Amino acid sequence: MNFFERKSTARIFLIICVFLSLLLGCGASFSRMAGKVEKAYAKGEDGSGYCIASDIDSLYEISGNINKIAKKYFDVSDSYVSALQLARGQLKDASSIAEKKQAKLIVDSAVEAFYPVLQVTAMSETDAKYVTRLYYDYREANDKISHDSYNSLAAAYNAKLNVFPANILHKLVFASPFVTFDK
Amino acid sequence: MKTCKKLLASFLLLIFSVIFIALPISAVTIPQYSSAPNELYVTDEANILSGQATNKIIDKCVKLYEDYGVTLTVVTIDFLPDGYDSEEYAYEIYNSWGVDNDGLLFLVVAGEYKQWIATGNSLTNKISGGELTEIIYEYFPDYNFDEDFDTAILGVVTDVIALAENSYGYIGNNDNATNNIVSPETSYDTLVTDEEPASFFDFIIGTVFICVFFGVIILIVVLIITSIRRSARAPRRAAPPPPPVNGGKYYAPRRPYRPFYTPPVHHHRPMSPPPPGGFGGIPPIGRPNSFNNSRPNSGSSSAGRTGFGGSSSRPGSSSHSSFGGSSSRSSFGGGGSRGGGGGRK
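Each protein sequence line maps, in turn, to chains A and B. Residue 1 is where the first sequence starts when you use the numbering used here, and the numbers rise one by one after that. Residue 1001 is where the second sequence starts when you use the numbering used here, and the numbers rise one by one after that.
Hints are supplied without guarantee of correctness; some may be wrong.
[What the hints assert, rightly or not] Each computed DSSO-like pair below joins lysine-lysine, with the alpha-carbon atoms no more than 30 Å apart: (1) Lys72/A <-> Lys36/A; (2) Lys100/A <-> Lys1345/B; (3) Lys1056/B <-> Lys101/A; (4) Lys72/A <-> Lys1126/B; (5) Lys1056/B <-> Lys68/A; (6) Lys68/A <-> Lys1063/B; (7) Lys36/A <-> Lys1063/B; (8) Lys68/A <-> Lys1060/B; (9) Lys101/A <-> Lys1345/B; (10) Lys1345/B <-> Lys129/A.
[Stated by the list, open to error] A few chain A positions that, by computed beta-carbon distances, are all more than 10 Å from chain B: (11) Leu20; (12) Leu24; (13) Ala28; (14) Ser48; (15) Ser79; (16) Gln85; (17) Ser124; (18) Lys129; (19) Tyr135; (20) Ser146; (21) Val179; (22) Thr180.
Honestly, the hints are just simulated from the structure, not real lab data. Computed from a prediction, not measured in an experiment: that's the story for all the values here. Quick reminder that beta carbons are idealized off the backbone N, C-alpha and C, glycines included.
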């Protein structure tokens, strides 16, 4: 009997088609959802440009300004200065969202560690005011990051990935959860 | 069985009661601003401001709004709700009230000595949190605060207004008091598009999916056509068996199975009378009784399809009217804050 005329062949083919279409459909819908989350990160949920990516750039600039003032009173090889410099370098080199988050946390630690030291360091009144203002600007940028709508979108996406059958299917289509920037 | 039902009922009751009790507890209480004209600029729930100071603050805020289109509102409370610091609570109030995008909300928590100024979406890049924090620490120092809230709050309001005036141009009669979001001056402006182009991955998936789908359709159609052809083809006659050898039995070839075949009806000629003088000749062999199966008429009943269709009319969208432009205000124009600002957490 011809191979294509067998019922078993038809059944196998049907099963393969159903499985493939399931995978493709899941992949497409995960990709669409992930695209919205990535857009919220890079451009803001409403596309306005107010987003975590721009806030992280602000953190990078502010920490750079803190380092500039610090270099007037500390040696370049100082542990706090080099730690902040290294952390900023990692933040600049980070490409994915997860890497950005990791690098941001390192910069946060470096700034939080350095600020009390700078407060007790003898410096000009102008520089002391600059350091204080920059530190609060840094803190403000972190506040905005924690309130950004990206966090709720990413949390909703991750929650969907944990529900059956998405918790199995997302591994087959290589859809991974997003990190959040909550406090 | 009865015990199980009781247990289930009590469990469900417990779950529902937890849900209904938990719901109100989880929602944070937001103070309400007064809807009286211009009283939305000061909400003194902690009752720490005198009437004179309140009126001065309102006058300053009205003038700021009229001249620069910036909304400044002052809120005083006694204590923060559980789980909130001053920044988060100010952010909640700001977005709950829909304070303008060009706005500032100054929160004073009298009982906990905390202060925060939250900025709207449009002001967030014009006035930095550091500047606002400096102002707050100037009038609310870490030590030796003399509990004169009137002077401290008025001082903060005056300095914040000066900052806002430097950030915004004078607009006179507040012609531009709308909720325009100012795009930040970053390269992200070029990334803003109305329609998001499909990614390459989406394109590939879509193409493969369409190919598979149509492939399946075509295969099914081919299989159907093939099976129809097979059934329509005339059946092959089986080859007659070889003649028997040495007295084997001979079976006549089997007629093929044709259930819907109706053999033609033969009308037999009447037998010719025997020739006189006896029988002669071989009479024609007639067919056996023919059955007269008449095919049942397959009546095709076509039910009339009544297609239904209809146009669903969408309700008309209501137009949104924005406030602004007059000196007497009883509500905010709607906007939001991304968080941030400055102060003491």
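Exercise for the section: Please confirm whether Leu24/A is truly not at the interface, meaning its C-beta sits more than 10 Å away from all C-beta atoms of chain B. Expected result: Violated: least Cβ distance 5 Å, not greater than 10 Å.
Practice task
Grab the minimum beta-carbon distance between Tyr135/A and chain B and tell me whether it stays above 10 Å.
Solution key: 7 Å, violated
Exercise for the section: Please settle this one: Val179/A was flagged as non-interface, so is its CB more than 10 Å from every CB on chain B? Expected result: Consistent with the label, Val179/A stays out of reach of chain B, its closest Cβ about 19 Å off (over 10 Å).
Problem - Restraint status (C-alpha distance of Lys101/A to Lys1345/B at most 30 Å) - result: 24 Å, holds
Handout entry: Proposed proximity, Lys1063/B with Lys36/A (alpha carbon, max 30 Å)
Key = 42 Å, violated
Practice task
Quickly compare the C-alpha distance for Lys100/A and Lys1345/B to 30 Å and report which way the hint goes.
Solution key: Holds: Lys100/A and Lys1345/B sit about 26 Å apart, inside 30 Å.
Problem - Consistency of the no-contact label for Leu20/A, given chain B and a CB cut of 10 Å - result: Non-interface label on Leu20/A violated, nearest chain B Cβ at 6 Å vs cutoff 10 Å.
Exercise for the section: Please confirm whether Ser48/A is truly not at the interface, meaning its C-beta sits more than 10 Å away from all C-beta atoms of chain B. Expected result: Incorrect as stated: the minimum Cβ-Cβ distance to chain B is 6 Å, not above 10 Å.
Exercise for the section: Mind verifying the non-interface call on Gln85/A? Its CB should be farther than 10 Å from each CB in chain B. Expected result: 22 Å, holds
Practice task
Below or equal to 30 Å on CA atoms is what counts here, so check Lys68/A against Lys1063/B.
Solution key: 40 Å, violated
Handout entry: 30 Å Cα cutoff - pair Lys1056/B, Lys68/A
Key = Since the Cα atoms of Lys1056/B and Lys68/A sit roughly 42 Å apart, the hinted pair is violated (cutoff 30 Å).
Practice task
With a cut-off of 30 Å on the C-alpha distance, tell me whether Lys72/A and Lys1126/B pass.
Solution key: 28 Å, holds
The earlier numbered hints that this structure contradicts are 1, 3, 5, 6, 7, 8, 11, 12, 13, 14, 18, 19 and 20.
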